[in-house]
Amino acid sequence: MILLGILLTLLGFVISVLSLGVTSSVGGRLAMVLVGLAVSLFGIMGVLNKAYLKNAIWKKG
Amino acid sequence: MKNSTKRLLTVLFAVSCLAPLALAQAPAAAPAAAPAATAAVPPQPTPKPILDADLAGTPVPSADARAKGDPDGSLTGNASDVTVSDPKKGLTIGDLANQVGQNKIAVNFVWTLITGYLVMFMQLGFALLETGLARAKNANHTMMMNMGVYGIGMFAYWLIGFAIQMGGVGAVANLGGTAPLSAEFTATLFGKPFGLFGQHGLFLMHKGTYDVGVMVLFLFQMVFMDTGATIPTGAAVERWKFSAFIVTSFLFAAFTYPLFANWAWGGGWLANLGTNFGLGKGYCDFAGSGVVHAVGGLSALAIAMILGPRIGKFSREGRPQVILAHDIVLVITGCLILAFGWFGFNPGSTLGASGSGNLRIGSIAVNTMLASATGMISAMLYMWFMYKKPDASMTGNGFLAGLVAITAPSGFVNPVGAVIIGFVAGVLVCLSVAFVERVLQVDDPVGAVSVHGTCGIWGVISLGLFADGKSNYGGAWNGVNGSVTGLFYGDASQLVAQLVGVATLVGFVFTLSFIFAFVVDLLVGQRTSAKSELEGLDLPEMGALAYPEFELKS
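If you read the protein sequences in the order shown, they are chains U and R. Note that the numbering used here numbers the first sequence so that position 49 is 49, with each residue one more than the last. Note that the numbering used here numbers the second sequence so that position 6 is 6, with each residue one more than the last.
What the hints contain is simulated information worked out from the structure, not anything from laboratory work. Check before you lean on any hint, since a few could be wrong.
If the Cβ cut is set under 8 Å, some of the chain R residues that face chain U in the computed set are [claimed, not checked]:
(1) Pro42
(2) Met215
(3) Phe255
(4) Gln441
(5) Leu499
(6) Val502
(7) Val506
(8) Gly507
(9) Phe508
(10) Thr511
(11) Phe514
Straight-line C-alpha distance at most 27 Å; calculated DSS-like pairs for lysine-lysine [what the hints assert, rightly or not]:
(12) Lys48/R <-> Lys59/U
(13) Lys88/R <-> Lys60/U
(14) Lys470/R <-> Lys104/R
(15) Lys531/R <-> Lys470/R
(16) Lys88/R <-> Lys48/R
(17) Lys50/U <-> Lys60/U
(18) Lys48/R <-> Lys54/U
(19) Lys89/R <-> Lys104/R
(20) Lys470/R <-> Lys389/R
Where is the CB? At the ideal position from N, CA and C, for every residue including glycine.
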């Protein structure tokens with residue numbers, strides 16, 4: 001899960017960088033960058049953090 | 001306070017915020033008609049050049065006059081103080097021109113150094129703020145982290161960090177050139193050069209970087225890096241193993257911070273989004289909402305996630321519990337010291353007070369103070385209405401949130417923009433603190449992730465919205481002619497450049513910080529033992545209590 005979270009977070013960055021070469025329209029780049037941001041945020045909050053919360057200290061009693 | 005009074009206060013506050021905005025947006029009065037020409041303008045005489053001979057009769061006070069003292073200051077500082085290159089020739093135009101040039105650079109050196117000293121003073125603000133928000137049993141440990149990060153971070157930055165960040169920045173005209181910093185490693189992507197890291201400046205000796213301008217630049221950039229490096233100590237307070245803190249801080253100062261700072265400030269690929277891809281003036285971050293604060297805030301998030309929450313922070317059902325700060329006096333003192341230091345942070349980022357539009361330092365300083373005020377007000381009102389009391393620590397966080405947010409746009413927005421940016425930041429930090437604690441269940445004792453991460457990102461985005469196109473720092477920014485202009489003033493592409501920067505922060509900087517912290521966790525272990533944590537870290541980690549004469553409750 002941790003590796004998946006890291007890869008997803010990085011993938012979001014890659015999508016944003018790719019927007020520079022894939023299209024020259026401002027709207028197109030904006031859309032791709034926003035998608036990239038969403039992917040990265042999901043990687044951090046939805047996957048990586050969840051992986052750590054599984055073994056959170058307060059769940060151990 | 002009664003509800004009716006609260007409502008009245010809210011209405012008054014809203015009106016006071018919106019009135020200047022409305023006035024600022026009102027169309028300007030039509031310009032008066034130009035007066036009709038009444039007479040032909042006589043031709044202007046060609047300017048007569050000053051010759052060396054003209055300087056021969058320049059009056060200077062006699063030695064006798066000077067020997068009597070100069071109580072009113074009318075004799076001190078005159079033509080005899082200009083350095084003469086050849087005494088046989090006497091004072092020449094060339095000597096004067098050299099003196100004028102050196103005076104400009106001297107003004108800029110002094111400005112940059114003094115503002116750098118102010119930024120260094122912010123370390124004390126962070127130390128007091130974080131220690132005040134921690135429990136008394138961890139006060140020594142928290143203070144030591146804040147002092148330790150200064151030395152450790154500086155050493156790593158001197159070894160390699162500065163070279164990575166600024167080794168290819170090229171000539172910084174305000175500081176007289178910094179010519180030795182001229183080698184940027186680039187890769188080619190989409191047919192364009194992508195600057196990745198600098199190569200000159202290791203140990204401040206490598207490739208001619210033993211240079212007065214480079215030294216000034218190093219000092220100023222070093223204290224910025226150290227501000228970023230001290231942010232994670234707040235999120236990790238009360239449970240961070242000191243040895244792990246040292247290694248993690250070293251890696252932050254040597255690699256994490258300098259890489260992103262190179263991309264934004266050192267001539268790297270983000271700065272060149274304008275020249276290479278037509279996105280506004282490239283990624284703009286005047287004083288570091290992104291470079292310093294978001295980098296520090298996202299690193300803090302990565303470390304806090306790996307560390308996990310303090311014992312007792314969450315109930316077994318996962319509900320957050322209040323762990324009280326031990327000294328609100330320290331907290332507020334720290335906040336005020338930080339606000340004072342910010343007058344170095346933002347106006348100092350011109351790297352000069354003379355030439356190239358640098359007189360905008362007044363505007364930058366005013367924007368800084370306005371945003372801090374509205375950030376504090378909005379956070380205080382939010383807490384007052386939502387939780388019935390104007391909570392001191394969150395009001396302090398709102399104060400800082402306004403400052404963090406205005407850091408990137410301070411050089412490019414007008415006072416109304418600054419007021420709005422600060423106001424939004426104050427509310428945003430309250431929402432973010434609740435989100436991090438209740439939804440993410442990440443324990444961030446001082447709110448570092450929200451103040452610096454969330455509001456740093458808001459600052460970067462707000463620049464892409466509110467930059468008013470009125471600034472002029474030598475006619476261009478990041479190599480693109482014209483002034484930085486945001487979406488609300490007609491340039492949507494600037495906002496896209498800013499968002500590419502945000503995506504880089506969230507996607508790349510967070511990942512790099514996480515990987516470093518993860519490796520350190522595997523090798524050294526990031527967290528102290530439960531026994532040490534319950535006892536308080538002062539004795540187990542530092543060997544001495546901060547307050548040995550008081551009886552501490554665990």
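Here is how each hint holds up against the structure:
1. Pro42: 51 Å, violated
2. Met215: 34 Å, violated
3. Phe255: At about 16 Å, which exceeds the 8 Å cut-off, the nearest Cβ of chain U leaves the hint on Phe255/R violated.
4. Gln441: With Cβ-Cβ at 6 Å, under 8 Å, it holds.
5. Leu499: 5 Å, holds
6. Val502: 7 Å, holds
7. Val506: 5 Å, holds
8. Gly507: 3 Å, holds
9. Phe508: Holds - the Cβ of Phe508/R comes within 8 Å of chain U, reaching about 5 Å at its closest.
10. Thr511: Because about 5 Å separates Thr511/R from the closest Cβ in chain U, which is inside the 8 Å limit, the hint holds.
11. Phe514: 7 Å, holds
12. Lys48/R <-> Lys59/U: 85 Å, violated
13. Lys88/R <-> Lys60/U: Outside the cut-off at roughly 87 Å; violated.
14. Lys470/R <-> Lys104/R: Given that 27 Å is the threshold and the Cα spacing comes to 24 Å, the pair holds.
15. Lys531/R <-> Lys470/R: Measuring from Cα to Cα gives roughly 58 Å; hence the hint is violated.
16. Lys88/R <-> Lys48/R: 25 Å, holds
17. Lys50/U <-> Lys60/U: 16 Å, holds
18. Lys48/R <-> Lys54/U: The given pair, whose Cα atoms are some 81 Å apart, is violated under the 27 Å limit.
19. Lys89/R <-> Lys104/R: OK: Lys89/R and Lys104/R at ~25 Å, within 27 Å.
20. Lys470/R <-> Lys389/R: 41 Å, violated
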